[in-house]
Amino acid sequence: MEVRSTQSKGSGHCWTGGEDSDVVLRSQCTLKKLVAVNTRMTATHRAIMEGTVLRLCLEYCDIGMERHLTLALIKCWVPRWKAFRIGGRRVPLFVFDVALMTGLPAMGRIVELDGEEVSSEVGLLIRGCMAEWE
Amino acid sequence: MRRVPGRSGKNRRFFRNYVAAMAELCEENSDDDRVGLWLQIYASMILSGLLFPRTPYLAASTLLHYVEDMNAMREYAWAEPVWHVLVETIENTQKKLSEGPFSEVQLNGFCVLIQVMIE
Chain X
1 MEVRSTQSKG
11 SGHCWTGGED
21 SDVVLRSQCT
31 LKKLVAVNTR
41 MTATHRAIME
51 GTVLRLCLEY
61 CDIGMERHLT
71 LALIKCWVPR
81 WKAFRIGGRR
91 VPLFVFDVAL
101 MTGLPAMGRI
111 VELDGEEVSS
121 EVGLLIRGCM
131 AEWE
Chain R
1 MRRVPGRSGK
11 NRRFFRNYVA
21 AMAELCEENS
31 DDDRVGLWLQ
41 IYASMILSGL
51 LFPRTPYLAA
61 STLLHYVEDM
71 NAMREYAWAE
81 PVWHVLVETI
91 ENTQKKLSEG
101 PFSEVQLNGF
111 CVLIQVMIE
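Sequences listed follow chains X and R, in order. Position 4 of the first sequence, counting from 1, maps to 4 under our numbering, and the rest follow consecutively. Position 60 of the second sequence, counting from 1, maps to 60 under our numbering, and the rest follow consecutively.
None of the hints are false.
For each label pair, taking beta carbons as the anchor points, the in silico distance ranges come out as:
hint, chain 1, residue 1, chain 2, residue 2, range
1, R, Ile118, X, Arg40, 28 to 36 Å
2, R, Asp32, X, Val78, 48 to 56 Å
3, X, Val118, R, Ile118, 31 to 39 Å
4, R, Pro101, X, Leu100, 35 to 43 Å
No wet-lab data here; the hints were simulated from the structure. All C-beta atoms, glycine included, are put in the ideal place defined by N, C-alpha and C.
Could you put the whole structure together from the sequences, leaning on the hints where they help?
Structure (structure tokens):
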């Protein structure tokens, strides 16, 4: 995913400087590929997925990143508030907002993002697929 | 990333990124008798490619063990780390842009959520 911004400097409420005209925003978020896989999914696979915590991923749409909006929102972010400041109003981004948007649970055991890597069958398969590259 | 010399072949497929590899693995393991493995690969693709993407060449390997037990996976608060990575990328990007002119900025995480929330 790649988007290009031609937005001028200083349009965000919290922006404190820096040239950002013509900035290329790159994202590795692969929503488009996931939606493509979803469309090819068999009824059996869909039924199995619907029994998992990730079931709402089946309903995701291919939403492209809107470059101007994304960059403007990043500029409007106020770190100490964990919120956007838009039109003089504070618009917080809570974990529960993410839960509502994604369908993922907000409560439960803690996920260790930087935990120790454990050998798994899927990990070995992926590494095998990519073994020809370094 | 470059191809290892001498290991290429006409019938071999090569993957420059893990998401393409996972999509291919989903196809290869789509038979009904391998649904368990298919489900793990598909869930890995969601974790590494959608919820916690960081680089095009490295899957979220520290998370892959979570997909080994899909029933236990529902016990975790997945929205919290998605939020955490999203906030981290917003703040890092804002900081980077304020430090000087950049022609390119990398966003991590499920960054389209930023605009979904406002829309």
